[in-house]
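Read left to right, the sequence shown gives residues 1 to 368 (our numbering).
The set of hints was computed from the structure by calculation and includes no laboratory data. Among the hints, a few may not be true.
What the hints assert, rightly or not - Computed list of lysine-lysine pairs in DSBU-like fashion (alpha-carbon distance at most 30 Å, straight line): (1) Lys-205 x Lys-149; (2) Lys-75 x Lys-149; (3) Lys-133 x Lys-151.
What the hints assert, rightly or not - Pair ranges (Cβ atoms, derived): (4) Pro-103 x Pro-61: 17 to 27 Å; (5) Ser-154 x Glu-176: 29 to 39 Å; (6) Leu-209 x Gly-51: 34 to 44 Å; (7) Thr-215 x Ser-158: 17 to 27 Å; (8) Asn-278 x Leu-64: 23 to 33 Å; (9) Leu-52 x Asp-152: 40 to 50 Å; (10) Lys-149 x Ile-115: 30 to 40 Å; (11) Asn-278 x Pro-103: 27 to 37 Å; (12) Glu-331 x Cys-257: 35 to 45 Å.
No residue lacks a Cβ here, since even glycine has one placed at the ideal position from N, Cα and C.
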Amino acid sequence: MTWKPSSCGWALLLALCCTVWATHDASAQGQSSSAPPLQGPPAPEQVQPWGLPPPPPGIGPVSLFADIHDQPQGKFLEGGAFDNDGNFWFVAIGSGWVSYLTPEAKLVPGFNCDIPGVSPACEPQGTRWHDGKLYVTTRHRGILVYDPKTKDVSTVVSTFRNQLFKGPNDLDFDAEGNLYFTDPWGTGAGPDPADQAGAVYQYSKEGVLRRIISTGSFPNGIAVSPDNGTLAVADYAANRMLYYSFLQGPNPACTQCANDPSHTTFFFATTGSYNPGNGGPDGIHYDVHGNLWAACGIGGVIEYDPRGFIIGYVPLPNGDPSATNFAFGGENNQYIYMEGAVSGTIYKFKAPYPGLIGPGGTRLAAQH
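With the hints as constraints, model all of the structure from the sequences given.
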């Protein structure tokens, strides 16, 4: 039997032939022309990391206040404190300078804490004004105090029980005038390489030095809350905040609790949420509403609410990977001046509320 295709059959056969020819032609063209180059990963500035908080609500635009990277006073910035004249005091770990910027951003060298011919270098870190004097933590000289009237620099304390500190980092005062400072292992001389636990000390207003915390991995920034009831400690290595509640008498959770007016014992301690990224919290400050702000090693400032929840994050605009410290100052004490340690820059932005520590180290009234 001979098959005779109908008109429909001829149409189907023609379509199959065209399809085969088109496929062969496309294959030949693909072999004769190179494939388009593979696209590389997007640029870092085009990537929004997962888990990175947005800017906190209520902040103003971030602007450059000063760039001193080419000055000796700009070699790895740290510290941060405003005096009564509105000058922003800070330190340079890499050169030993303690300096300030005027409200017009003019750089004025203050003093250098390095002792000529003496090693290791001083390496200043934290700063706080109190009773008209500037207190400075240093890695190798303990706690120093600078009197701007006499220009004298003297040592407050440099040892504990005849042993050197491990490397004092940052400091704060409570409402009674007691001084607290952190002493993490690994930055200073240290009494014993086998002892790698960080510590927190209190130097009381009566001049008594006590070690009140000895369990931190790397206690860094430190701040006393607006109600004077909590000592916040930034644990850089653990990448989270620690909160120590002072023992202040009976409370709903402990009706038999005693009151320790010396602020050397605690009712309990809690840990906050882990921060995003791998750069832990450094310098910290409260605002008058009880929100805690922290400079972080990821290159910006994080805000936490009074419960410890992260509210938002303000990055350094120039991409500096190391925001070490900052201070509240400016109009109404409501501007944050944050430091880019590596780039030698200081940026500022308006915060939602004034900072707790005002000019000259004055503790402002808490607001609710």
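Could one say that the CB atoms of Asn-278 and Leu-64 fall in the range 23 to 33 Å? About 27 Å separates the Cβ atoms of Asn-278 and Leu-64, which means 23 to 33 Å holds.
Are Lys-149 and Ile-115 spaced within 30 to 40 Å by their CB atoms? This hint is violated: roughly 22 Å between Cβ atoms.
Can you tell me whether the CB distance of Ser-154 to Glu-176 sits inside 29 to 39 Å? At 22 Å between Cβs, range violated.
Given hint Lys-149 paired with Lys-75 - CA-CA distance at most 30 Å: holds (26 Å)
Can you confirm whether the C-alpha distance between Lys-205 and Lys-149 stays at or below 30 Å? holds (22 Å)
Lys-133 and Lys-151 were given as a pair; does the straight-line alpha-carbon distance stay at or below 30 Å? Holds, at about 10 Å.
Do the beta carbons of Glu-331 and Cys-257 sit within 35 to 45 Å of each other? holds (42 Å)
Can you let me know if the beta-carbon spacing of Leu-209 and Gly-51 is within 34 to 44 Å? Between Leu-209 and Gly-51, where Cβ atoms are some 41 Å apart, the hint holds.
Has the hinted range 17 to 27 Å been met by the Cβ atoms of Thr-215 and Ser-158? holds (23 Å)
Check the following: the C-beta atoms of Leu-52 and Asp-152 are separated by a distance inside 40 to 50 Å. For Leu-52 and Asp-152 the Cβ distance comes to about 45 Å; the hint holds.
Is it true that the C-beta distance of Asn-278 to Pro-103 lies inside 27 to 37 Å, as the hint says? Holds, at about 36 Å.
Does the Cβ-Cβ separation between Pro-103 and Pro-61 fall within 17 to 27 Å? Distance hint for Pro-103, Pro-61 holds at roughly 19 Å.
In summary, the numbered hints that this structure violates are 5, 10.
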